[in-house]
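Chemist: My request is simple: use the sequences and hints to build the entire structure.
Respectively, the protein sequence lines represent chains A and B. Residue 517 in the working numbering sits at position 517 of the first sequence, and the numbers go up by one each step. Residue 17 in the working numbering sits at position 17 of the second sequence, and the numbers go up by one each step.
No wet-lab data here; the hints were simulated from the structure. The structure displayed is predicted, hence computed values, not measured ones. Each residue gets a CB set at the ideal place from its N, CA and C atoms; glycine is no exception. A hint or two may mislead.
[Claimed, not checked] Partner residues aside, some chain B positions facing chain A, computed with beta carbon under 8 Å:
(1) 13
(2) 60
(3) 71
(4) 102
(5) 120
(6) 337
Each chain is listed here by its residues.
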Amino acid sequence: MKKIINDFTINVATANGTGSQSANLILLQSLFDMGVPVSGKNLFPSNISGLPTWYIIRLSEHGYQAPGNQTDVQVLVNPATWEEDLAALEPGAVVVWNENSKLEMSRDDVISYPIPMTKIARGINPKLAKLITNIVYVGALAEILGIKQSALESAVKKQFKGKDSAIELNTNALELGREYFRENLAKNDPYFVEEREIEEKQFFIEGNEAVALGCLFGGAQLLSWYPITPSSSLAESMIAWIPKIRTNDDGESNCAVIQAEDELAAAGMVLGAGWAGGRGMTATSGPGISLMQEFIGLAYFAEIPSVFWDVCRVGPSTGLPTRTQQSDITLLYEGSHGDTQHIVLFPGTVEECFEFGWRAFDLTERFQTPVFGMSDLDLGMNRWACSGFEYPNEDMDRGKVVRDRDIFEAFEEFGRYLDVDGDGIPYRTLPGSGMAPILYRGTGHNPMGVYSEKPHDYLQLMKRLRDKIDSSRDVLPAPILREENECEIGIIYLGSMENTIQEIDDLLESTGLKVSQCRLRALPAHSEIEKFIERHKTTIVLEINRDGQLYGILRKEIPIELVPKLRSVAYSDGMPPRGKIYADLILEILQEVEK
Amino acid sequence: MSEKRERKERKIKLNVINEPKDSYSGGKSSLCPGCGHDQISSVIISAAWENGVEPHKIAKMSGIGCSSKTPAYYLGQSHGFNTVHGRMPSVTTGAYAVNKDLLYIGVSGDGDSASIGIGQLIHAIRRNMDMVYIVENNGVYGLTKGQYSATADIGSKKKKGAINKTQPIDLCALAINLGCTFVARSFSGSKKQLKSLLKAAMSHKGFALIDVISPCVTFNNNDESMKSYGYVKDNEVTLHMTDYIPHFNPISEVEVPDGHFKDITLHDGSTIRLETISEEHDPTNAMQALEALHDAETNAKHVTGLLYFDNTKASLVEDLGLVDLPLIDVVEDELRPNKDMLEKINNAFLN
Numbered sequence: 001m002k003k004i005i006n007d008f009t010i011n012v013a014t015a016n017g018t019g020s021q022s023a024n025l026i027l028l029q030s031l032f033d034m035g036v037p038v039s040g041k042n043l044f045p046s047n048i049s050g051l052p053t054w055y056i057i058r059l060s061e062h063g064y065q066a067p068g069n070q071t072d073v074q075v076l077v078n079p080a081t082w083e084e085d086l087a088a089l090e091p092g093a094v095v096v097w098n099e100n101s102k103l104e105m106s107r108d109d110v111i112s113y114p115i116p117m118t119k120i121a122r123g124i125n126p127k128l129a130k131l132i133t134n135i136v137y138v139g140a141l142a143e144i145l146g147i148k149q150s151a152l153e154s155a156v157k158k159q160f161k162g163k164d165s166a167i168e169l170n171t172n173a174l175e176l177g178r179e180y181f182r183e184n185l186a187k188n189d190p191y192f193v194e195e196r197e198i199e200e201k202q203f204f205i206e207g208n209e210a211v212a213l214g215c216l217f218g219g220a221q222l223l224s225w226y227p228i229t230p231s232s233s234l235a236e237s238m239i240a241w242i243p244k245i246r247t248n249d250d251g252e253s254n255c256a257v258i259q260a261e262d263e264l265a266a267a268g269m270v271l272g273a274g275w276a277g278g279r280g281m282t283a284t285s286g287p288g289i290s291l292m293q294e295f296i297g298l299a300y301f302a303e304i305p306s307v308f309w310d311v312c313r314v315g316p317s318t319g320l321p322t323r324t325q326q327s328d329i330t331l332l333y334e335g336s337h338g339d340t341q342h343i344v345l346f347p348g349t350v351e352e353c354f355e356f357g358w359r360a361f362d363l364t365e366r367f368q369t370p371v372f373g374m375s376d377l378d379l380g381m382n383r384w385a386c387s388g389f390e391y392p393n394e395d396m397d398r399g400k401v402v403r404d405r406d407i408f409e410a411f412e413e414f415g416r417y418l419d420v421d422g423d424g425i426p427y428r429t430l431p432g433s434g435m436a437p438i439l440y441r442g443t444g445h446n447p448m449g450v451y452s453e454k455p456h457d458y459l460q461l462m463k464r465l466r467d468k469i470d471s472s473r474d475v476l477p478a479p480i481l482r483e484e485n486e487c488e489i490g491i492i493y494l495g496s497m498e499n500t501i502q503e504i505d506d507l508l509e510s511t512g513l514k515v516s517q518c519r520l521r522a523l524p525a526h527s528e529i530e531k532f533i534e535r536h537k538t539t540i541v542l543e544i545n546r547d548g549q550l551y552g553i554l555r556k557e558i559p560i561e562l563v564p565k566l567r568s569v570a571y572s573d574g575m576p577p578r579g580k581i582y583a584d585l586i587l588e589i590l591q592e593v594e595k
Numbered sequence: 001m002s003e004k005r006e007r008k009e010r011k012i013k014l015n016v017i018n019e020p021k022d023s024y025s026g027g028k029s030s031l032c033p034g035c036g037h038d039q040i041s042s043v044i045i046s047a048a049w050e051n052g053v054e055p056h057k058i059a060k061m062s063g064i065g066c067s068s069k070t071p072a073y074y075l076g077q078s079h080g081f082n083t084v085h086g087r088m089p090s091v092t093t094g095a096y097a098v099n100k101d102l103l104y105i106g107v108s109g110d111g112d113s114a115s116i117g118i119g120q121l122i123h124a125i126r127r128n129m130d131m132v133y134i135v136e137n138n139g140v141y142g143l144t145k146g147q148y149s150a151t152a153d154i155g156s157k158k159k160k161g162a163i164n165k166t167q168p169i170d171l172c173a174l175a176i177n178l179g180c181t182f183v184a185r186s187f188s189g190s191k192k193q194l195k196s197l198l199k200a201a202m203s204h205k206g207f208a209l210i211d212v213i214s215p216c217v218t219f220n221n222n223d224e225s226m227k228s229y230g231y232v233k234d235n236e237v238t239l240h241m242t243d244y245i246p247h248f249n250p251i252s253e254v255e256v257p258d259g260h261f262k263d264i265t266l267h268d269g270s271t272i273r274l275e276t277i278s279e280e281h282d283p284t285n286a287m288q289a290l291e292a293l294h295d296a297e298t299n300a301k302h303v304t305g306l307l308y309f310d311n312t313k314a315s316l317v318e319d320l321g322l323v324d325l326p327l328i329d330v331v332e333d334e335l336r337p338n339k340d341m342l343e344k345i346n347n348a349f350l351n
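Modeler: This is how it looks when you write it as structure tokens:
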């Protein structure tokens, strides 16, 4: 049997609320610490306890981070999905299963490793058996695959930081899981883990925590939020970090946190902070953005700095709250009624989550308009390898705020919405300053900020607002291009698709097709995007949704003669993107183009 | 020269911070002539001037509706925000979080506060958000031409349409039940009472609700309306005479009234003096306040005065645990942790 080393997918089927998340994170961390390129995806239900949950760990020497196309090693603990999980396996897959679950092994074409997980766990501590069961399978897997004991032990210590009794209990359970396999079963599968030299030390972090840190390094002064999956951990991370990095020795912080009564109020508070001259932000998901629409329009029209982070989940409506999708692109870009257009940032890596976290505040104050960050459940709630965050390389941009009376006096005429510099960005004074006080409003206004329904005033205002947002294009993060020479096919993609694109690219290349990659990182689109489309015979817009939202936006904005070059590949079933599905769809579309 | 003559010769009267009353005025009102809201605006101007608040240190907040247009008509030297319908409390809360040094005066209507925005009102009360919240309450939606609002009294009839049969929401009773720390009701026609209540509200730290019955002369001022000038004048039950003694006036020099009175000291050292009319009302007793409201409702009356007061609760700013300086004045170097801090974080993650 040919050995398969560091290149397979493990799927662990458990029930929610049984402590399996800690066990799976220990497994993931120990592989990571051995230098094995690895990624983990938590597929959890919208439920606290009892419903099925899966954890997918992909080991890949190529560094592929998407879930694999098939499961190679299945751990079966949850009786509820037993048959379903077994039925999905290819012949020859490994099944590590709980012998005490009263269910049978119904397949004879798989490699079966029965382990009495519950019995072993009961032997350690009958009261905690349910929790310990999960650690037992980690021990058994370690023995089967060859995971180093030292890596496991350090991962356990990391997971249960400082809780000595938990560390002892779990280490013991790991050892018993190992021992059972060693003494009662024999390995007859091809899957092995091998240690790799670590070239660059990295750590695991969730996108949400990276955004949270970025926002705090961006000088956030108000976080107002309403709990919603999958963004809650972004706000909770900020709350956890504020005492460490934004609080003085007397325990007083310079970032206020208010848990709002709903998303409308959360957005209202963000606007209030921006109006008063502070850096306000909220974190939410699609349903929250839907509720915030009215305030988003007000922020756009009255030109109030405000930052909104949207960690996308599957819509429409309540949708699949614990699954991932890129389906709020249009909602964010064209949010609220009337003609609007907003700046949207799309981080694709945890490093960018951090960077765009602080950058969003500079952009919102510079352009005096709402700025959105769009991440998704996959990037936000799963752990990704990170080499460390880079300190902001620019001073804070507070925009055109007149704070000194001398400067104020130098203005020939001061109007809140007067385009003094011809760049569409007016000057503002702050409440409490006594300079040029006005009543901000969501109604039509003239350059002086006075109520107006005059056609000329309205037209001028709407034109200036459009030009202002338009002028941000090349100030926003530029696309990341990975171009092959003289390639005919280009792929434009965004956000968390970054973690699957290389696998898609390799799959396409294996059929003889070479493609160029272009990762869009912000809207309105950078001028490089148009040039990229121009350079290629056909450009595919690849995204994780049904309707091709980014494709729709680009189609509307690129010169009409380029439109026929653009094609859409949009697909979403709620799962993190799997390379093969998208590669096949791309090939299909290209065949159509050939015709 | 007598003091009287001297004052006469000084053409412009100044307040305690040497500002003329003009510094507190606003633009010309576009509301219907005779609207109760305009009277309230003039009381806001007088109260702020007499209290000697720096005009630019006030923030005028409002939602949407006739009432919410009024910030354009007073305090022209203050920044303001005419926000969206029913959401003024959240915008105010966000502004307050980053600049707690302003005096936030919110003006809202009964549609804004008792219907679309009731949730935000409730939660601002719950947080004891530090602001003055005036409801200009006329029982109808004016800007959309006279539909009943949620505060229309049972049995009341507006100019056009049927008698209202739906139970009204009493915002004062609601606020008392929520533990609001300053709850008053007044009438736009009782300017003296309204002014002293408003001045007291400005001196209060925490959420101060003043529900002001403010007749809509266009849609709801007919005799069958229980929120008409005529009806309120005939059916107002005044809890007490109210008098406000600012902190900069030595209270020892203020004339002491005959009969019973109760002095309540406010957070900035000012006093509100409640002179008993018939029965003494204890504004620190929530049950008594609710009883007064209940009796008035049963008898189709409007009870006015300081219904409830509680100075023992912490306001929002204490809960937020912030630095002394308003956050907008904190320098960028402090808002952004330094490079070493990020190094430390990176290293802690790596090890």
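Chemist: Min Cβ distance, residue 120 (chain B) to chain A: is it shorter than 8 Å?
Modeler: 6 Å, holds
Chemist: Given residue 71 (chain B) as an interface hint, is the shortest Cβ-Cβ distance to chain A below 8 Å?
Modeler: 6 Å, holds
Chemist: Holds or violated: is there a CB of chain A closer than 8 Å to the CB of residue 13 (chain B)?
Modeler: Violated. Min distance 22 Å.
Chemist: Is the shortest C-beta separation between residue 60 (chain B) and chain A less than 8 Å?
Modeler: 7 Å, holds
Chemist: A closest beta-carbon separation below 8 Å is what the hint needs, so does residue 102 (chain B) meet it against chain A?
Modeler: 5 Å, holds
Chemist: Closer than 8 Å between Cβ atoms is the bar; does residue 337 (chain B) clear it against chain A? Give me holds or violated.
Modeler: Holds: closest Cβ of chain A sits about 5 Å from residue 337 (chain B), inside 8 Å.
In this structure, only the earlier hint numbered 1 is contradicted, and the remaining ones agree with it.
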